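Novice: Sequences listed follow chains D and L, in order. Residue numbers in the first sequence follow the working numbering, run continuously in steps of one, and reach 532 at the last position. Residue numbers in the second sequence follow the working numbering, run continuously in steps of one, and reach 532 at the last position.
Be aware that one or more of the hints could be misleading.
[Stated by the list, open to error] Have a look at the derived ranges for each label pair, beta carbon to beta carbon:
id	chain 1	residue 1	chain 2	residue 2	range
1	L	Glu362	D	Ala348	27 to 33 Å
2	D	Gly323	L	Asn380	56 to 62 Å
3	L	Gly159	D	Leu464	32 to 38 Å
Note that these hints are calculated values from the structure, not bench results. A quick note: this is a predicted structure, and the numbers were derived from the prediction, not measured. Cβ coordinates follow ideal geometry from the N, Cα and C atoms, glycine included.
2 protein chains.
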Amino acid sequence: MTGARLKHYGWGREGEGMSAEERSFVLGRYHAKFARDEFETIKVPRLEELVLRTPRAVPPASLAAFCTSERYDRAAHTYGKSYPDYVRAMLGDYDCVPDVVAYPRNEAEISAVMDWAGDIGASLTPFGGGSSVCGGVEPRVDGIKHKAAVTLDMRNLSGVVEVDSVSRAALIEGGTYGPALEEALKPHGVTLRHFPQSFEYSTLGGWIATRSGGHFASLYTHIDDFVESLRIVTPRGTMETRRLPGSGAGPSADRLFIGSEGVLGVISRAWMRLQPRPKFRASASLRFPALFDAARAVRAVAQAGLYPSNCRILDPQEAFNTGAAEGGVAIMVLAFESGDHPLDAWMARALECCADHGGTAEPAKGGDAHLQGPAGLWRNAFIRMPYAREFLTPAGLINDTFETAITWDRFENLHDTIKAATERAILEATGFKGEVTCRFTHIYPDGPAPYFTFHALGRHGALLEQWQAIKTAASDALIAAGGTITHHHAVGRDHRPWYDRQRPPLFAAALRAAKQELDPRGMLNPGVLIDP
Amino acid sequence: MTGARLKHYGWGREGEGMSAEERSFVLGRYHAKFARDEFETIKVPRLEELVLRTPRAVPPASLAAFCTSERYDRAAHTYGKSYPDYVRAMLGDYDCVPDVVAYPRNEAEISAVMDWAGDIGASLTPFGGGSSVCGGVEPRVDGIKHKAAVTLDMRNLSGVVEVDSVSRAALIEGGTYGPALEEALKPHGVTLRHFPQSFEYSTLGGWIATRSGGHFASLYTHIDDFVESLRIVTPRGTMETRRLPGSGAGPSADRLFIGSEGVLGVISRAWMRLQPRPKFRASASLRFPALFDAARAVRAVAQAGLYPSNCRILDPQEAFNTGAAEGGVAIMVLAFESGDHPLDAWMARALECCADHGGTAEPAKGGDAHLQGPAGLWRNAFIRMPYAREFLTPAGLINDTFETAITWDRFENLHDTIKAATERAILEATGFKGEVTCRFTHIYPDGPAPYFTFHALGRHGALLEQWQAIKTAASDALIAAGGTITHHHAVGRDHRPWYDRQRPPLFAAALRAAKQELDPRGMLNPGVLIDP
């Protein structure tokens, strides 16, 4: 990691943020939405103003070289990037501040921290980039069951260790941030092509631990499929799975740790499957009368076996909000890419599928079409969006997103019930009409991954309760309609109540038993996924 | 299931088998290979001649309607279809005969059998079609730790319960055999397209429990990816995962049971992702100077993102043995299929990849090209092959197969060391030069799944030891070269020593803990995957 340090409040590094023009665009949409000229805005406390508890633990001399209890480090590791995180940070609530932040430089130091944390009865929270939007990195510790909170920041285990160009795979350290990872692969002509919205401020280990969703709209939707083998440090020792392109030897060991959200161990390294850098691209933007027309086109494309790299649709309001359309039409951003061959046949057939469902294409011009038009506008908004929350929250605006997946037969019902339940909850919780929009982020032959965004005008002093009421109503509707509480944001602490309803109790029992075996003292990320 | 009953010894149903012409072709190859006019052939005992121990358990009246201790049922559930299974059955060794075979008709009856077996301290062996080639269904019980052996045959939980044509998925009972499954899907215009060699005599639940490898050479190589949700009966109760096209909510519950080989529970039902019936096909057969040339072409195709449904290569000897070529050339059978679009662009690019590596194509004529020429010859040999063992074993011939997967960078070394080690072991164990051939069954961007066949002239009275010596040498070489002990045949009991070396000990500990939770009495398929 280079450059300025990460913000303790907000997205990215200190000094970064939206330009005045961008802020004005984003706020303008809210002014119009809620018929307000301005919003009552409160001040976020500066780092120096925060009141942090005296650390409840001091690392021994043997760990001192890579551990700290400095104000900045503790504050910057208290929260992830969820809406309630922003609110509590804005209110100066740092009750969950870790006592110690460790920056181990190798596996031996990870093990040493685990041993020490275990000995003093502390919790241990694995921390990648800290971009969790579901309470995945907050050390919520009561001081009784866990006597202190230690956070393990993986940033010093960074780098591409080895590239196997023949098999197109690389051995990469768990703490490697997205940009550093791609930078190191570039000279080899390969790329992981895993670009979650958090790409700049998240790590390989974090992606794997949370089953992160990435660049590819179809086929390789999650990081899961790129994992060739894992190395994991647990409190019981270190394990490594075999590098294999495929296997049928027992239940997949990798899959037990993919999505384990830091409760079973820390992913120190992984062999990852890579892609060639794309040489051929075919892109198009399409307009549809309504979301469900676009959804039927997506279904046709998904079931055709064409595997677009991008096949995202935006409902009319979402297209308007992000500037991708002037309103009243649903948008599809469609793209194919290949490092090997031209994609005319693929695109031609996909466009036929779209036309069958009322899609009209604006064919893209030139090779950088994915950077132009609605596609480019939406792409840019997508990357910049996380910067908005640091000023929207102090303005009393509640904006959040949640995502799910559902089979096609139940999608329209799920969409309508979630939208209605969330809109109703916004009105009831805030007294003002809000907005709920939908897009698809990933698609499968048997169903889409719908992604919802909601906007509400909150009230200072009640933001947390208002957000919780909306979140609860949306999640209840989602689970009742048959969806998954998360498609790629992970479970963390925020989704636990619904994850518990979704997950079969006997699987929870099996997972708890596995955790008990690997983490007998229950120190790893307590409260996430299971209660040990 | 209709028609004649399954053989207690041999492949398929009573009355089935190779024609005189097929037998003569197969035996002719062995006569030539070992320069013999005939082989000393011993007689396999008839069902009536078998000596079976008196059953050590009698089911209570409440279970009597679907349980039996009849001679045929017990004998037909003693073994799978591995080479040592054939030898022991031929020698009349039925020491592992189950005491009771249960044919439950619903989940309640499965649970009732589990309760009873637990109460009397019996083992319980889940049984699909019994086609295991690695000791997966044999109740190897000592009478002390487990006081009796009960086998649970799932054939009565058969049928397609529901088809969701919109999402292209179906709810299917675990005991459904391949042909019945496809027959029921046909009127809906869909197909599971999972065609393992055992297709006719294996079940959906068995495929899932063993991570069966199927029809598609790329992309959907295992049954794993077709699983949308599972219902599992465990000794602790029944669980069901949610029907989802994708999810990021914690470690995949399905993946813990996919490949669990009956040690965690019994798969009673599954929602499976389906394919459209193919309307378009493009097929070709290609010749290459040698296996490694063909392998480099396969690598190029696999890394091009073209996803052929078939991309199998046969080394020169394998091509000769199966009649696919006259000798001296490696063969590639290449095919694309789609229910949606013509495949000219796909095939054209794949043929370019092959030409780059010395492949010369004989383009196929007409739409049923996959049934003609080398492709058709090989396909037919593939389907008929399992019938050969029932007469090759009594002729004292040792023929067996094993498969693995390896990354491309290590493939050539793995191939050469395995071939050399296996050939050496054959010579040492039998005194005669044998033969080891190789083909690819499935391919990945990061490596192939090589499949080896070996032929040896054994000696009656020593067949088991000879086979074990060869198997051990081959497996040792495979594990040392970095492969997986099984790509799609499963682990069972035969692969345990090498699976134990391949699998990280901490994963074994986690799996053991999960089993302890779901199967506290350790009754389910003891000895498979883990020692509880």
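Novice: Quick one: which hint numbers does this structure break? Sort them smallest to largest.
Specialist: 3
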